[in-house]
Amino acid sequence: MTAETQADIQTIKTQSGQTLKVHTHLFINNEFVAGHGPLIETVNPTTEEVICKVHSASEEDVDAAVQAAYTSYKNVWSKVTPADRGILINKLADLMERDQDELASLEAIDNGKAFSVARDDDIAGCIGCYRYFAGWADKIHGKVIDTSPDQLVYTRHEALGVVGAIIPWNYPLMMAAWKFAPALAAGNSIVMKTSELTPLSAYKFAALVKEAGFPAGVVNIITGYGHITGSALAGHRKVSKMAFTGSTVTGRRIMESSSTSNLKKLQLELGGKSAQIVCADADLKNAAKHAAAGIFNNHGQSCNAGSRIFVQESVAKEFIDLFTEQAKAIVVGCPFKDETNQGPQVSKGQFDKIMSYIKIGQEEGATLHFGGERVGDKGYFISPTVFTNCKNDMTIMREEIFGPVVAIGTFTNVEEAIELANDNEYGLAAGVYTSNHSTAIKVSNALLAGSVWVNCYDLFNNSVPFGGYKQSGFGKELGKYALLEYTQVKSVITLVDF
Amino acid sequence: MSCCLDTDVLCRDLVQTGLFINNEFVAGDSQIETVNPANGKVIAKVEAAGEEQVNAAVDAAEKAFEEVWSKVTPQKRRDYMLKLADLVDRDNEELSQIETLDNGKGISFSRGFDVRELAECIRYYAGWTDKVHGKVIETEGVLSYTRHEPIGVCGAIIPWNFPVLMLAWKIAPALATGNCVVIKSSELTPLSALKVAALVKEAGFPPGVLNIITGYGHITGDLLARHKKVGKIAFTGSTNVGRLVMKAAAESNLKKVTLELGGKSPNLIFDDADLDLAIKWAFRGVFFNHGQTCCAGTRIYVQEGIYDKFIEKFKEHTSKANIGHPHDEATFQGPQVSQTQYDRIMGYIDTGKKEGATVALGGKRWGEEGYYIEPTIFTDVKEDMTIMKEEIFGPVVCVSKFKTDDEAIKLANNTNYGLASAIFSESNRRCIELAKRIKAGTVWVNCVNVLHANTPFGGFKESGIGRENGEYALDNYTQVKVVKMATTLSA
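Protein sequences appear in the order of chains R and W. Counting in our numbering, the first sequence runs from 4 upward without gaps. Counting in our numbering, the second sequence runs from 3 upward without gaps.
Only chain R is shown next, with the shape it has when bound in the complex (with noise of 0.2 Å):
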């Protein structure tokens, strides 16, 4: 229990001089309390001041809020008919378009991401979930299987019950709505846990919920450290599903706990180190538009950067050449500027991992092509970074940097290509550049990877699954699969003749 307190909404400004009053109390059945674990600062990352402090979860609330969550589904939520969830879903979205702005400025201040980046990629993106997810709520169909004359047999698709959510800090509302969307579609209540480091958004959006009319404690929202929030609800025996995002080593931790618990069902998305491969005969322009996306959006920090590039060796200096004019007219600078392309990395953290990454790679031998410095003296704001002559047994190569680096190879043949990208633990996304049409179907059947990009890079759509192969995770999210992961199926068999 900690003695220090604070009243639920609290006033903040950014650093263009906009004042918000945002949320800070933890969002439990349809109301905001205090929490009764630690209070947390969240930190601007542009300015490195702290921007406020919010309630996070003991294992008291997160005990608290599953009970909200369970009672709600059993009691409202599982008797509320498919098209009203729809209805329900579709109206969050009309919320979120209404209050865009606010939300992408939460999104500015507390994560980094340029402020047009926020509104037009993250929200808009997360307006789309929604109304796709809302879509297929009085669509999820079980089958009636013919066994023989005497038999009636079909399968119902159910909702699990209360489902509990872990993400990350990259994507604040839009790992939300990847989760909730679903999850609420399929008819289940949840319970979901927001990174510490980017806990505002969220809250705003809790508020949202609320105003759409969802039955109390059918979405609770709560913030706190993994190591107590995180662990007690992926602990929780009324929990009937852990949705996670995040890193690879926690991901394992919370297998763990299923383990241990009850055996909750698990979707895991993970960490990557997902290649490009630029063959000799793409349009290495736009090998080097799409492939420089593929690492810098984000700032570096997406699950499926394609931060290791194998280009063939006959155009690999062509390539480079391209690719570097691509990284240089990244604008870094503050989020809420017009010009910004590139926000700061989230925290003094990640800042230090990614700058004793670029140490790394140079002490192993990589050529420090462009980059590798910090941008001006306040704010975690690191240059892109390309590193060229990058051999696939480097640190660089087989580590998830999560930052604005990337690790260039070569590559004689396609075959050596496909080698060298399914070397790899992970298996989120791959790309490929050719312009060959076989080459192309070759190469996207022979990698190992969840997604894999043709003569593009991280174009995505909500009706499309998402989701990695190998130590990437497993599970699938988007798209009619997501569905899968929030239900569970019933057969019923029933004897007609006897």
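These are calculated hints, taken from the structure and not from any lab test. Since the model is a prediction, treat every value here as computed from it, not as a measurement. Incorrect hints may appear among the rest.
What the hints assert, rightly or not - Once the Cα atoms are required to be at most 20 Å apart in a straight line, the calculated EDC-like pairs of lysine to aspartate or glutamate come out as: (1) Lys311/W x Asp276/W; (2) Lys78/W x Asp97/R; (3) Lys146/R x Asp477/W; (4) Lys438/W x Asp500/R; (5) Lys356/R x Glu402/R; (6) Lys445/R x Glu140/W; (7) Lys441/W x Asp149/R; (8) Lys78/W x Glu100/R; (9) Lys483/R x Asp477/W; (10) Lys146/R x Glu473/W; (11) Lys142/R x Glu119/W; (12) Lys142/R x Asp477/W; (13) Lys445/R x Glu142/W; (14) Lys85/W x Glu96/W; (15) Lys142/R x Asp81/W.
To be verified - Chain W stretches covered by chain R per the calculated footprint, using a threshold of three residues with CB under 8 Å from any CB of chain R: (16) 77-84; (17) 117-127; (18) 132-140; (19) 422-435.
To be verified - Using C-beta positions, here's what the derived DEER-type ranges look like: (20) Lys483/W x Thr150/R: 29 to 37 Å; (21) Glu418/R x Lys137/W: 27 to 35 Å; (22) Gln21/R x Ser72/W: 37 to 45 Å; (23) Asp104/R x Lys43/W: 53 to 61 Å; (24) Ala127/R x Val138/W: 22 to 30 Å.
Cβ atoms here follow ideal geometry from the backbone N, Cα and C, with glycine treated the same way.
Starting from the known structure of chain R, fit chain W onto it as the hints suggest.
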């Protein structure tokens, strides 16, 4: 192209009377009077489409498809449709008043059922726009995948019994799957469709995507059914006209055809049924919408043991039916839609009497004004009587009896129709078993006429071809293309 209705009903905007082509209301080559069935008076004159206008509508739809609609993302299609549904909700009262005035159904039904379901249907299909998936099929040396593509221009011809609802059932899946539409409403009930047309324009649909025209079946409908640029025709109406539509398609461009036709749906009531429940449902099953429902349960077969009790209670329940003016909130049954329908139904009642069936209740006109007919119950009806075989489409039901389950099934299936059916029994086994044996597109168990936007509806046998509603309707408006890209296959 609009007028103010000559009635005591307040209308907020002027009612549209033109043909809705390319997002504009335009003149036809003739006019049709539409009549208020509660008093036989003309409500308004609407424009009717001749060959020139039908061609203009189809051309508009084709152009819109090639140049605009096929390039609109599925998400945007969804947004247009959600907007339309919101506008329908906003103008529910006005639409309901128009529907009641033109068709004669009770205002509480227009409001609480027809117009509400219009919005729900559109919303349901708005959710499908970005979920129409092809497949990828493993084949050796070849990447094989299917695309479920829109057909292009779809035509639709709808009846007068549920004007806006029938409109929804056609346009929603057609638009959701990326088609452009030319839809002909019934000349008996053109007004509500034209109000929807105004909302379509307000919702922002690009011109030509949805065109709504009025006209006679044998002129406008025929032109649409045999138009060579229309890739598919969807028809709801009588079986006789359904044959003509199929013929027109065969004679023109072999356009795809779906038909929702007539029915003579059986309602089987067993000894172990909850009798009071069965009676309430049986009543709704036939008398809802003044018997003007394709799936009406117009043949009731009651098991011997409860037959007498059923008749007594059914008569009592039916005699309490609230017949009245359509605009009266309490009205359950209004007038039949037209003089022609009235004459036809009265003709069947006459035939029933002549062929020896007993009029247990009703059998006469109701009131002095308008096309009202008393809810009518015939008993002592033999299987080969006209009233047992032919669709009457009015508030007339035939009741007969049976002994065993096998006999019940035989009687139920003794028809060329196969649209719907109902079983009333508390026995789990019987319900499941008989549901399997009945030859009908819908089997209701312990209820009747319960419809949902997400469950399919359509007939076996001569009740039609194809299914509306639910995911199944998407198949009507898409065509499957398989793309097979050779990768390692040598010649």
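Original post:
Taking each numbered hint in turn, which are not upheld by the structure, reported in ascending numerical order?
Top reply: Structure breaks no hint.
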